[in-house]
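Assemble the whole structure, with the sequences as input and the hints as a guide.
Numbering follows UniProt numbering, with no gaps: position 352 of the sequence shown is 352.
No lab work stands behind these hints: they were computed from the structure. Some clues are possibly wrong.
Using C-beta positions, here's what the derived DEER-type ranges look like [unchecked claim]:
#1 ALA346 x ASP159: 47 to 53 Å
#2 PRO166 x ALA43: 50 to 56 Å
#3 GLY269 x PRO400: 46 to 52 Å
#4 SER125 x GLY84: 30 to 36 Å
#5 ASN137 x HIS444: 32 to 38 Å
#6 LEU239 x ALA325: 30 to 36 Å
#7 PRO400 x PRO166: 35 to 41 Å
#8 ALA325 x GLU175: 54 to 60 Å
#9 SER330 x GLY266: 33 to 39 Å
Since the structure is predicted, the reported quantities are computational estimates derived from the model, not experimental observations. Using N, Cα and C, we set each Cβ at its ideal position, and we do this for glycine too.
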Amino acid sequence: MQMKRSTRWSTLTLSSLSTAVCAALSTTVLTVAPVQVVHAQSACAAAWNASTAYTQGNVASENGINYVANWWTQGNDPATNNGGSGSGEPWTSEGACSGGSPTPTPTPTPTPTPTPTPAPTPSGSCDPAWNASTAYNGGALVSESGINYKANWWTQGNDPATNSGPSGSGEPWTEVGTCSGSPTPTPTPTPTPTPTPTPTPTPTPTPAPSGFVFSPYKDMSINMNWNTYAMSTEVTGTLIPVVGSGSLYSTQVPNLPAITLAFATGECGSESWAGVTPSEFISANITPGAANSLSSAGLDYIVSTGGQAGVFTCSSASVFESFIAKYYTSQMIGVDFDIEGGQTQADVQQLVADVAAAQSQYPNLRFSFTLATLGASDGSYGSVNQLGQWVVQAIQSSSPALNNYTINLMVMDYGSASAANCVVVSGVCEMGQSAIQAVTNIEHTYGIPASHIELTPMIGQNDTSGEITTLADIDTITNYATTNGLAGVHFWSLDRDTPCAAGSASATCNSYPSVGVLGYTNEVLKDIGK
Numbered sequence: 001m002q003m004k005r006s007t008r009w010s011t012l013t014l015s016s017l018s019t020a021v022c023a024a025l026s027t028t029v030l031t032v033a034p035v036q037v038v039h040a041q042s043a044c045a046a047a048w049n050a051s052t053a054y055t056q057g058n059v060a061s062e063n064g065i066n067y068v069a070n071w072w073t074q075g076n077d078p079a080t081n082n083g084g085s086g087s088g089e090p091w092t093s094e095g096a097c098s099g100g101s102p103t104p105t106p107t108p109t110p111t112p113t114p115t116p117t118p119a120p121t122p123s124g125s126c127d128p129a130w131n132a133s134t135a136y137n138g139g140a141l142v143s144e145s146g147i148n149y150k151a152n153w154w155t156q157g158n159d160p161a162t163n164s165g166p167s168g169s170g171e172p173w174t175e176v177g178t179c180s181g182s183p184t185p186t187p188t189p190t191p192t193p194t195p196t197p198t199p200t201p202t203p204t205p206t207p208a209p210s211g212f213v214f215s216p217y218k219d220m221s222i223n224m225n226w227n228t229y230a231m232s233t234e235v236t237g238t239l240i241p242v243v244g245s246g247s248l249y250s251t252q253v254p255n256l257p258a259i260t261l262a263f264a265t266g267e268c269g270s271e272s273w274a275g276v277t278p279s280e281f282i283s284a285n286i287t288p289g290a291a292n293s294l295s296s297a298g299l300d301y302i303v304s305t306g307g308q309a310g311v312f313t314c315s316s317a318s319v320f321e322s323f324i325a326k327y328y329t330s331q332m333i334g335v336d337f338d339i340e341g342g343q344t345q346a347d348v349q350q351l352v353a354d355v356a357a358a359q360s361q362y363p364n365l366r367f368s369f370t371l372a373t374l375g376a377s378d379g380s381y382g383s384v385n386q387l388g389q390w391v392v393q394a395i396q397s398s399s400p401a402l403n404n405y406t407i408n409l410m411v412m413d414y415g416s417a418s419a420a421n422c423v424v425v426s427g428v429c430e431m432g433q434s435a436i437q438a439v440t441n442i443e444h445t446y447g448i449p450a451s452h453i454e455l456t457p458m459i460g461q462n463d464t465s466g467e468i469t470t471l472a473d474i475d476t477i478t479n480y481a482t483t484n485g486l487a488g489v490h491f492w493s494l495d496r497d498t499p500c501a502a503g504s505a506s507a508t509c510n511s512y513p514s515v516g517v518l519g520y521t522n523e524v525l526k527d528i529g530k
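Written as structure tokens, this is what we have:
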């Protein structure tokens with residue numbers, strides 16, 4: 001992960017176009033028969049159920065019509081939430097089916113008495129009040145300040161008053177009209193009684209599952225103190241160390257749980273940190289007692305290898321175990337392999353074998369494999385590239401079995417805004433929903449459980465023009481990860497967590513001027529209850 005990402009896939013999409021023209025004329029004034037498009041009568045799939053979560057490609061039926069899910073969806077009625085490819089709707093009609101409920105007649109049936117509908121008319125009754133701690137599925141209705149809103153997809157913590165827009169806007173909420181009356185408060189879980197009630201200034205977010213890790217990447221080639229080799233950053237506008245006296249950790253984000261150190265490159269045993277030797281790097285940043293020691297500061301860390309501009313290899317399990325031993329303290333929680341290019345299949349297989357051998361000696365460490373991915377929403381389940389396939393195949397065939405692993409998906413830089421690459425809304429890749437789709441795809445294709453999947457977005461402007469990861473996207477990604485049992489969330493990169501003018505991607509700011517200094521870090525911390 002650096003500016004200018006790894007080579008992406010080129011996808012050739014073949015499509016065929018067929019047209020049918022029909023006309024019907026009638027001169028009688030007594031009867032007008034509606035003209036309908038005739039579809040092949042396939043068997044009706046299982047009836048749609050509002051409480052069922054559907055993944056991309058699942059088929060459900062309603063009122064004699066089959067619908068196919070375009071991505072992960074729950075609670076979105078296909079009869080009212082469907083459209084063609086690129087429409088932004090979660091369902092697409094596959095046409096009429098047989099064996100299910102009969103299709104309603106074209107003649108409208110009068111409604112004897114008004115009843116509440118999913119889209120209340122202005123001045124209708126207010127739906128339950130929006131609650132920041134509640135997870136809402138697509139189609140859910142809430143109210144705030146005398147206005148009803150409808151959720152466009154799964155969302156939590158996104159205030160509808162400031163995160164709403166028309167269909168296709170990419171916002172999680174759509175305004176459906178004004179309302180009157182006092183809304184029914186959304187029920188919240190009753191807290192466990194304590195001798196002294198704990199005041200809650202803000203709604204409690206969904207707690208992260210046990211073992212969940214948040215650790216933004218710190219690029220060692222950016223702002224390092226080249227005299228002392230201590231990690232430093234200018235994210236606040238002033239060059240300060242990451243840990244130690246007057247540091248970023250001690251003065252700005254003391255609740256940061258961990259950091260990922262990027263990148264060690266070369267052959268393990270003679271690796272380099274942006275030209276700094278292992279002994280120089282360890283003495284300045286890890287050794288207990290050093291002025292800028294992660295261990296002394298109590299900040300957990302992950303040692304990351306490889307990256308977009310580097311390759312990491314390790315010739316044997318014993319050499320890899322020696323590599324770990326050099327960096328190991330009680331604050332070390334894992335090793336990350338950012339595999340983006342340059343490795344052969346044999347190199348990948350050797351790394352996996354090294355990890356499988358080392359996990360018994362270091363059972364408390366997690367071993368993550370960071371891979372480029374697509375978030376294809378066209379039914380192809382397009383996911384990791386050839387390198388990623390080698391990694392997954394090596395893990396799944398490992399002997400001894402590799403248990404303490406995660407697949408860390410780089411949910412960024414999808415390429416052209418097409419359903420073959422991502423979830424497209426209003427002509428661009430919708431970054432939050434595309435990340436969820438990437439999880440769905442790798443679960444579907446390789447059977448990897450959620451507890452072995454992590455997500456790493458690129459904050460703000462991505463390398464691909466038009467792809468911008470907003471705070472709302474971060475909320476979507478983090479809340480999905482915590483509620484669905486994923487292993488962690490990270491982002492690229494800590495030095496970019498400061499605003500600057502919109503434009504191309506930068507290594508030292510996020511090109512997203514509306515977010516404050518450390519805005520993304522603090523947003524994730526809020527979402528995981530830190």
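So, going through the hints one by one against the coordinates:
1. Taken as a hint, the range 47 to 53 Å holds for the pair ALA346 and ASP159, whose Cβ atoms sit roughly 51 Å apart.
2. Range check, PRO166 to ALA43: about 36 Å between beta-carbon atoms, so the 50 to 56 Å window is missed.
3. Distance hint check for GLY269 and PRO400: the Cβ-Cβ separation is about 23 Å, which falls outside the suggested range of 46 to 52 Å.
4. A hinted range of 30 to 36 Å holds for the C-beta pair SER125 and GLY84, which are about 34 Å apart.
5. Between ASN137 and HIS444, the C-beta spacing of about 20 Å breaks the proposed range 32 to 38 Å.
6. Taking the beta carbon of each, LEU239 and ALA325 are about 32 Å apart, inside 30 to 36 Å as hinted.
7. For the hinted restraint 35 to 41 Å between PRO400 and PRO166, the CB-CB distance of approximately 54 Å leaves it violated.
8. Take ALA325 and GLU175: their Cβ atoms lie about 58 Å apart, and the range 54 to 60 Å holds.
9. The hint said 33 to 39 Å for the Cβ distance between SER330 and GLY266, and at roughly 27 Å that hint is violated.
The structure shown violates the earlier hints numbered 2, 3, 5, 7 and 9.
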